[in-house]
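Participant: Protein chains in written order, with the numbering used here: chain H, 2 to 412; chain A, 2 to 412.
Simulated from the structure, these hints should not be mistaken for lab results. Hints should not be assumed to be uniformly reliable.
Identical chains share a label here; the pair holds if one copy fits it or two copies do between them.
Said to hold, decoys possible - Result set (BS3-like, lysine-lysine): computed pairs, CA atoms no more than 27 Å apart in a straight line:
#1 360 / 58
#2 33 / 212
#3 164 / 267
#4 316 / 118
#5 217 / 58
#6 23 / 255
#7 268 / 164
#8 23 / 212
#9 33 / 316
#10 349 / 391
#11 107 / 33
#12 391 / 58
#13 212 / 187
#14 107 / 217
#15 33 / 118
#16 300 / 268
#17 212 / 360
#18 391 / 226
There are 2 protein chains.
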Amino acid sequence: MIDVAIMGHGVVGSGVAEVLLKNAEHISEKAKTSINIKKILDLREFPGLTYSDKFTKDFNEILDDPDIRVVAEVMGGLHPAYEFTKALLESGKSVVSSNKELVAEKGDELLRIAEEKNVNYLFEASVGGGIPVLRPIAQCLAANGLYEVQGILNGTTNFIMTKMVSDGEPFEEVLAEAQRLGYAEKDPTADVEGHDACRKICILAALAFGKHVYPKDVYTEGITKITSADIQYADFAGCVIKLIGRARMADNGKCSVTVYPAFVPKKNQLAHVEDVFNAVMVRGDAVGDVMFYGRGAGKLPTASAVVADIIDAVKHLSARKYLSWAPAEDGYVSDHTEDTVRLYVRVKADKCRDCLRAKAEELFGELQLLGRNGEAGDELAFITPFASEKQLMAQLAKLNGTVLSTIRLLD
Amino acid sequence: MIDVAIMGHGVVGSGVAEVLLKNAEHISEKAKTSINIKKILDLREFPGLTYSDKFTKDFNEILDDPDIRVVAEVMGGLHPAYEFTKALLESGKSVVSSNKELVAEKGDELLRIAEEKNVNYLFEASVGGGIPVLRPIAQCLAANGLYEVQGILNGTTNFIMTKMVSDGEPFEEVLAEAQRLGYAEKDPTADVEGHDACRKICILAALAFGKHVYPKDVYTEGITKITSADIQYADFAGCVIKLIGRARMADNGKCSVTVYPAFVPKKNQLAHVEDVFNAVMVRGDAVGDVMFYGRGAGKLPTASAVVADIIDAVKHLSARKYLSWAPAEDGYVSDHTEDTVRLYVRVKADKCRDCLRAKAEELFGELQLLGRNGEAGDELAFITPFASEKQLMAQLAKLNGTVLSTIRLLD
């Protein structure tokens with residue numbers, strides 16, 4: 002029997018306890034030993050549970066207990082999760098985590114401590130909830146030179162985009178509905194502004210390319226400015242708009258890491274990922290495109306990934322697992338305005354649509370013109386040829402019209 | 002440095018050599034040691050390669066070489082792959098394999114020998130080519146009670162079905178095109194009759210539910226009888242037709258394992274898997290639906306999975322990995338005619354369509370009637386309510402018409 006502890010008894014933490022208790026028999030077969038929840042850390046009271054006796058408010062009861070070998074950190078937030086995790090790893094305990102914020106900010110340091118202490122720091126649940134993503138990238142795709150990861154990494158925004166497409170409702174209304182359904186929080190900033198997706202693409206980039214990436218270095222744009230008109234033009238172009246996290250290795254050793262809404266062509270599998278589902282597409286030189294799909298959030302899916310990490314940590318109490326990456330490096334993340342892209346552009350003409358179109362063709366050469374039902378007479382929508390974002394934006398400033406929307410294409 | 006051998010230098014074997022040589026630096030980082038191809042077994046001559054000196058025609062040169070610790074069996078076929086693999090495992094070498102036929106027929110026995118000898122028998126490449134499937138099921142989803150696996154497991158048939166849908170061409174023409182493109186073999190039986198998909202669903206069922214399943218016990222139906230009319234009716238019903246391998250655990254401890262073409266509703270992710278791509282959907286009690294998608298065949302994708310297994314075997318030279326399942330058991334695979342399904346049925350009326358429709362409604366109750374362009378005046382197509390296949394087929398025999406097609410719905 003191995004004793005474990007859970008830090009945090011919120012949505013994920015209570016799910017971890019539930020899965021460990023409900024699937025105990027099956028899990029002990031997998032782990033080759035039974036797993037006993039010895040302590041649960043939470044400042045709140047939880048009377049009336051079958052395991053109410055296990056709660057403590059004192060972190061030291063976990064840190065100082067030599068029987069506890071594996072701890073699940075499912076508190077979320079940077080502090081005190083960082084200090085607790087560091088102390089646990091330094092004391093020779095393995096830690097498994099669903100805390101994307103912590104891994105994105107401090108993953109390199111915590112992995113280094115785990116390596117020094119020959120214990121494990123695992124965090125499958127931090128990206129894609131219950132979807133196996135990190136371990137398959139690290140293990141199964143080990144033979145590949147990976148060169149790109151792109152994904153739908155946030156269920157809330159994907160739910161909103163799916164609804165905007167299917168029902169034609171504007172962003173604000175769909176957000177309000179998502180909040181009513183419990184898919185979006187009261188303060189939806191972290192989701193709709195892309196910060197949550199940003200943390201996840203940082204973790205994926207670090208794992209795929211071997212170097213830590215800080216969220217602050219990643220260009221991040223949310224979905225709050227997407228309009229129904231944009232969605233209609235996307236449909237005309239054979240695309241849907243999705244919030245895409247993307248990391249690409251360039252030949253010069255720099256990494257492009259971005260989060261922004263993009264026109265996704267319907268032939269890309271990501272275009273068919275709907276509602277709260279997430280998906281991660283990985284591109285390798287041998288394997289080609291591989292995609293992992295499933296529920297990216299929610300109590301039991303996320304708990305399922307945390308418990309799989311607990312099982313793995315229990316099976317490898319003194320054997321290091323595969324995860325590691327180097328510290329961040331200045332200049333490693335490239336300037337996104339130098340990326341080569343195509344842009345969808347929607348412009349309101351200053352004077353006449355035909356003059357605007359003539360000017361646009363003068364500036365960009367041949368354009369892919371888009372249309373939609375109920376298009377305003379002074380509106381022009383088109384897709385530019387490939388060029389650096391910087392160049393394209395400079396040309397757009399010269400248009401004889403007001404740019405209403407620009408959205409990148411996912412090629 | 003670890004010495005390995007490759008048995009078979011066909012499409013996959015040459016890909017394994019290529020990946021090991023091309024990505025050597027990256028792979029040695031992952032494996033924490035360099036991997037050296039010491040011998041390649043093949044009866045043919047391969048002059049002019051950079052590694053032509055490594056070839057041997059004598060299996061004993063590999064078996065008796067104590068330096069060779071890991072062997073990739075990529076010969077295919079049951080014999081002599083079975084005898085070779087058994088001898089290698091018994092001599093204490095780890096074996097990795099892409100040989101789905103061998104794993105589906107002898108997996109339980111070979112895994113038992115590997116366990117006794119404390120070596121590894123790994124075969125990620127046997128299902129889904131380069132897509133990480135088996136390891137994520139065994140490891141990442143370990144916390145789940147899994148209850149269903151369904152997948153598009155054969156690229157050739159999926160290419161054919163995709164083309165039949167997009168171009169409206171009949172089976173024979175698309176098959177001929179697939180053969181021209183090299184996606185189908187001259188003798189396409191193993192693919193189009195579902196035998197290849199059958200071996201893969203046997204392996205998935207064994208891994209997900211813990212008991213060996215023999216291909217001979219699995220009801221297997223290919224795609225040769227699908228017509229353009231069926232595809233049009235499927236479209237009318239909001240579905241596409243795909244060859245689906247499926248394994249489900251029933252509450253009575255029996256397992257339903259089948260391979261047949263099915264109407265797949267477009268809201269199921271599998272409906273969007275096109276061309277030669279494969280996908281496996283796994284359903285767990287905690288995680289919900291998870292899907293793995295990618296190229297299910299091809300030289301480098303398959304080689305990528307074999308090499309990932311080589312890396313894993315090299316890292317665990319004397320530590321058993323996770324894979325194991327129990328021997329097959331009589332009566333464990335249930336009779337597919339007892340499965341509850343809905344059927345799409347296309348019937349040519351003996352006399353008049355209206356009499357046929359009246360009889361069908363008398364037999365089945367309310368029907369979901371389907372239509373298509375160019376429908377013959379004496380043709381009726383409908384979807385039955387849920388019932389056991391046995392019952393439905395008995396009712397169909399009573400119809401006043403000739404049954405032209407029956408295809409199951411994937412619910």
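Participant: Check residue 212 against residue 187 for me: Cα-Cα at most 27 Å, and say if that holds within a copy, between copies, both or neither.
Facilitator: neither (34 Å within a copy, 47 Å between copies)
Participant: Is it within, between, both, or neither for residue 33 and residue 316, if the alpha carbons may be no more than 27 Å apart?
Facilitator: Both. Shortest intra-copy (7 Å) and inter-copy (20 Å) distances satisfy the 27 Å Cα cut-off.
Participant: Within a copy, between copies, both or neither: which one fits residue 107 and residue 33 at a CA-CA cutoff of 27 Å?
Facilitator: The answer is between: 25 Å across copies meets 27 Å, while 32 Å in one copy does not.
Participant: Cα distance capped at 27 Å. Does residue 360 pair with residue 58 within a copy, between copies, both, or neither?
Facilitator: Intra 67 Å, inter 71 Å, cutoff 27 Å: neither.
Participant: When no copy is named, should residue 268 and residue 164 be tagged within, between, both, or neither for a Cα gap of at most 27 Å?
Facilitator: both (20 Å within a copy, 15 Å between copies)
Participant: Go through the copies and call it for residue 33 and residue 212: within, between, both or neither, with a Cα cutoff of 27 Å.
Facilitator: Result: close only across copies, 18 Å inter versus 34 Å intra.
Participant: For residue 300 vs residue 268, is the C-alpha pair at or below 27 Å within one copy, between two copies, both, or neither?
Facilitator: between (32 Å within a copy, 23 Å between copies)
Participant: Regarding residue 23 and residue 255, is the shortest C-alpha distance of 27 Å or less found within a copy, between copies, in both, or in neither?
Facilitator: So residue 23 and residue 255 pass the 27 Å test across copies only (22 Å; inside, 46 Å).
Participant: Indicate which option fits the pair residue 33, residue 118 if close means a Cα-Cα distance not exceeding 27 Å: within, between, both or neither.
Facilitator: Close inside one copy (24 Å) and across copies (18 Å); limit 27 Å.
Participant: At 27 Å max between alpha carbons, let me know whether residue 349 reaches residue 391 within a copy, between copies, both or neither.
Facilitator: Close inside one copy (21 Å), not across copies (64 Å); limit 27 Å.
Participant: How would you classify residue 316 and residue 118 at a CA-CA limit of 27 Å: within, between, both, or neither?
Facilitator: Both: 17 Å inside a copy, 20 Å across copies.
Participant: If the cutoff is 27 Å on CA atoms, where do residue 212 and residue 360 land: within, between, both or neither? Let me know, please.
Facilitator: neither (44 Å within a copy, 69 Å between copies)
Checked against the numbered hints given earlier, this structure breaks hints 1, 5, 12, 13 and 17; the rest are met.
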